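Chemist: Sequence:
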Amino acid sequence: MSMMTQSNEQIAHDLAVAIASQHYLKSSVRSFHNAITDYDEIYDELLAELAKTAHVAV
Numbered sequence: 054m055s056m057m058t059q060s061n062e063q064i065a066h067d068l069a070v071a072i073a074s075q076h077y078l079k080s081s082v083r084s085f086h087n088a089i090t091d092y093d094e095i096y097d098e099l100l101a102e103l104a105k106t107a108h109v110a111v
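In terms of the numbering used here, the sequence shown opens at residue 54 and continues consecutively.
Possibly wrong hints are sitting among the right ones.
[As the list claims (entries may be wrong)] Cut-off 20 Å, straight-line C-alpha distance, at most; resulting in silico cross-link-like pairs (EDC-like, lysine to aspartate or glutamate):
(1) Lys79 x Asp93
(2) Lys79 x Glu94
(3) Lys105 x Asp67
(4) Lys105 x Glu62
(5) Lys79 x Asp91
(6) Lys79 x Asp67
(7) Lys105 x Glu94
(8) Lys105 x Asp93
Hint data in this document are derived by calculation from the structure and do not stem from the laboratory.
Small disclaimer: the values here were computed from a predicted structure and weren't measured.
Please construct the entire structure, taking both the sequences and the accompanying hints into account.
Modeler: In structure tokens, the structure reads:
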């Protein structure tokens, strides 16, 4: 089985989109600006956490 690796940036982006989307859908105030700001904050936090980990190929 061949597995493609993803960069930390791609992983952080994918997760941030999913999390920010959930926040947007659950929010009573659906502001696109707030969603983008939320995404930016989540992305930065995830990228910082991913930078602390070492990815090991199996």
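Chemist: For each hint, tell me whether it holds in the structure or not.
Modeler: Evaluated hints:
The hinted pair formed by Lys79 and Asp93 meets the criterion: a straight-line CA distance of about 18 Å does not exceed 20 Å. A C-alpha spacing of about 18 Å is found between Lys79 and Glu94, which places the hinted pair at or below 20 Å, so the restraint holds. Straight-line distance between C-alpha atoms of Lys105 and Asp67 comes to about 18 Å, which keeps the hinted pair within the 20 Å bound. The suggested pairing of Lys105 with Glu62 holds, with an alpha-carbon distance near 13 Å, which does not exceed 20 Å.
Between Lys79 and Asp91, the direct Cα distance comes to roughly 13 Å. Compliance with the 20 Å bound is thereby established for this hinted pair. Between Lys79 and Asp67 the alpha-carbon distance is near 19 Å, which keeps this suggested pair within the 20 Å criterion. As the CA atoms of Lys105 and Glu94 are separated by approximately 17 Å, the hinted pair is consistent with the 20 Å bound. At most 20 Å may separate the alpha-carbon atoms for a hinted pair to count; Lys105 and Asp93 meet this at roughly 19 Å.
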